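Use these hints to put chain B onto chain A, whose structure you have.
Protein chains: 2
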Amino acid sequence: MSTPLCFLNDHFEPFACAKVHVSDLALHRGYGVFDYCREIGGKVPFLGDYLDRFYRSAAGLRLEVPMDRGQLRENIFHLLKENKYGDSGIKILLTGGETGDFYHPAKPNMMIFNMPYHAPDVSFDQGVKLILFEYQRFLPEFKSINYLPGVWLQPLLKEKGAVEPLFHLSGRLTETARANIFLVNKGVVCTPARDILMGITRKHLIAVAKEYYEVEVRDVRVEEIFSADEVFMTGTSKHVLPVIQIDDAVIANGSPGPMTMRLMEEFERYITSH
Amino acid sequence: MSTPLCFLNDHFEPFACAKVHVSDLALHRGYGVFDYCREIGGKVPFLGDYLDRFYRSAAGLRLEVPMDRGQLRENIFHLLKENKYGDSGIKILLTGGETGDFYHPAKPNMMIFNMPYHAPDVSFDQGVKLILFEYQRFLPEFKSINYLPGVWLQPLLKEKGAVEPLFHLSGRLTETARANIFLVNKGVVCTPARDILMGITRKHLIAVAKEYYEVEVRDVRVEEIFSADEVFMTGTSKHVLPVIQIDDAVIANGSPGPMTMRLMEEFERYITSH
Numbered sequence: 001m002s003t004p005l006c007f008l009n010d011h012f013e014p015f016a017c018a019k020v021h022v023s024d025l026a027l028h029r030g031y032g033v034f035d036y037c038r039e040i041g042g043k044v045p046f047l048g049d050y051l052d053r054f055y056r057s058a059a060g061l062r063l064e065v066p067m068d069r070g071q072l073r074e075n076i077f078h079l080l081k082e083n084k085y086g087d088s089g090i091k092i093l094l095t096g097g098e099t100g101d102f103y104h105p106a107k108p109n110m111m112i113f114n115m116p117y118h119a120p121d122v123s124f125d126q127g128v129k130l131i132l133f134e135y136q137r138f139l140p141e142f143k144s145i146n147y148l149p150g151v152w153l154q155p156l157l158k159e160k161g162a163v164e165p166l167f168h169l170s171g172r173l174t175e176t177a178r179a180n181i182f183l184v185n186k187g188v189v190c191t192p193a194r195d196i197l198m199g200i201t202r203k204h205l206i207a208v209a210k211e212y213y214e215v216e217v218r219d220v221r222v223e224e225i226f227s228a229d230e231v232f233m234t235g236t237s238k239h240v241l242p243v244i245q246i247d248d249a250v251i252a253n254g255s256p257g258p259m260t261m262r263l264m265e266e267f268e269r270y271i272t273s274h
Numbered sequence: 001m002s003t004p005l006c007f008l009n010d011h012f013e014p015f016a017c018a019k020v021h022v023s024d025l026a027l028h029r030g031y032g033v034f035d036y037c038r039e040i041g042g043k044v045p046f047l048g049d050y051l052d053r054f055y056r057s058a059a060g061l062r063l064e065v066p067m068d069r070g071q072l073r074e075n076i077f078h079l080l081k082e083n084k085y086g087d088s089g090i091k092i093l094l095t096g097g098e099t100g101d102f103y104h105p106a107k108p109n110m111m112i113f114n115m116p117y118h119a120p121d122v123s124f125d126q127g128v129k130l131i132l133f134e135y136q137r138f139l140p141e142f143k144s145i146n147y148l149p150g151v152w153l154q155p156l157l158k159e160k161g162a163v164e165p166l167f168h169l170s171g172r173l174t175e176t177a178r179a180n181i182f183l184v185n186k187g188v189v190c191t192p193a194r195d196i197l198m199g200i201t202r203k204h205l206i207a208v209a210k211e212y213y214e215v216e217v218r219d220v221r222v223e224e225i226f227s228a229d230e231v232f233m234t235g236t237s238k239h240v241l242p243v244i245q246i247d248d249a250v251i252a253n254g255s256p257g258p259m260t261m262r263l264m265e266e267f268e269r270y271i272t273s274h
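These protein sequences, in sequence, are chains A and B. This note's numbering numbers the first residue of the first sequence as 1 and each following residue consecutively. This note's numbering numbers the first residue of the second sequence as 1 and each following residue consecutively.
Think of the hints as simulated: they come from the structure by calculation, not from any bench. All clues given are correct.
For chains that are exact copies, the list does not tell them apart, and a pair is met inside one copy or across any two.
In silico DMTMM-like pairs for lysine to aspartate or glutamate, Cα to Cα no more than 20 Å straight-line:
#, residue 1, residue 2
1, Lys19, Glu98
2, Lys158, Asp101
3, Lys238, Asp101
4, Lys107, Asp68
5, Lys91, Asp10
6, Lys186, Asp229
7, Lys91, Asp101
8, Lys186, Glu216
9, Lys238, Asp121
10, Lys43, Glu74
11, Lys203, Asp219
12, Lys238, Glu268
For clarity, every value in this text was computed on a predicted model and none was experimentally measured.
Just chain A, with the same shape it has in the complex (with noise of 0.2 Å):
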């Protein structure tokens, strides 16, 4: 198998080789941001919403794209045509750059991966667990590369079963570590409104649910999720993700509810005709 390609800062070269220099302030301080999108059946549904956030998550840290938009696309776009995955993933990345003094933001290093697609190995029929941690991410509407929390928690989760910890600040329901979170409750549909990464799925399934159901975005406390009737979970990898457990408490019975399965079909359909 030959190796993928990917591109770094002005030209394609094999991912294999690809390196950059050891100032990059991405190293020292985790100093960057990135954003991840799919290609599915050789399409990328929602590229427009993606390249938006990620301008907007450079601009945010300060960090200057050194492309426009078109050009960003259509390095994309012969990363795909090259690679020949037709369903892959595809991650944007842009780092603090290669710095003097180890702390100052310099010229950035602009990345363009694109690797096979894997469906998270986790049961979509079953639904999956979530333990409480308390974590407010910093400058959480930009897609920064600090994960420390999540990366750190990862063999606590596998000791609990869980796929991801779910943060909360003082008992408001913000985010998981890498997904939005959604709860359905008397039929109604509610996620949180705010200090969160504004998700793409997010965006696009609330819009999904409001065809069909009460959406509410709004402040949510963790108590409400434990008396919920459905939870469910938000992304780019997994698009909906039934969510049937947290900690040691059982969400309703313990099945993914009617309403989440419901908004899996119909956001599989609404993805398809994008």
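Chain B only, in chain A's frame:
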């Protein structure tokens, strides 16, 4: 001028050429640890303390240091001998490593950098300004590379004429982005006890201060700093640095206080004798 040498995994190479693969988890998720110490006149004061903390940070983030203390010490002194600065900075960096899925830690990349020492560009005679900022580092006792707030706040610091943000959590002081904080009130030296990086300079400054003054290591409220007689910060590159203003509030008469000045002198004497 020839480029200095650095150490990368298993060999020494010119810093200008040293590169790591783009799959490193520090680039993708800001996951890694480091430490920084100084060579002063060919010696490295408190090196044992710095190595202790580095191995503790690595263990805290569940990263394996690919060499024992003896080898690490040997590599450091080999760099100092080759680079011949006499006075320099030494940075040890251990990343989350080259990962297959951009999320799970793998074999770490380990680097040692040695660069000329530049004294911080601040006035030790006149003292410096800090700005208060609410933030709590995740796993503060480990020296992770997670410096998003410190790096991100730099334009604001510059605008305000401040050198560092002073972090607090609900009004309880912790530390600055890169240093520990001390107050002097009614002849007593006091410094926050918890949720901080245990600074090596902090530790030795406490030892020095105890020879002359009463020292309290305890929780410190933000309000206390505004009524303090003196304020100073400690760190590896700055040793003891007087603080004369927090936001718009001038500390006492706006000049470095007598106890701070004495501790600055005594600390320099102490470090020379070590």
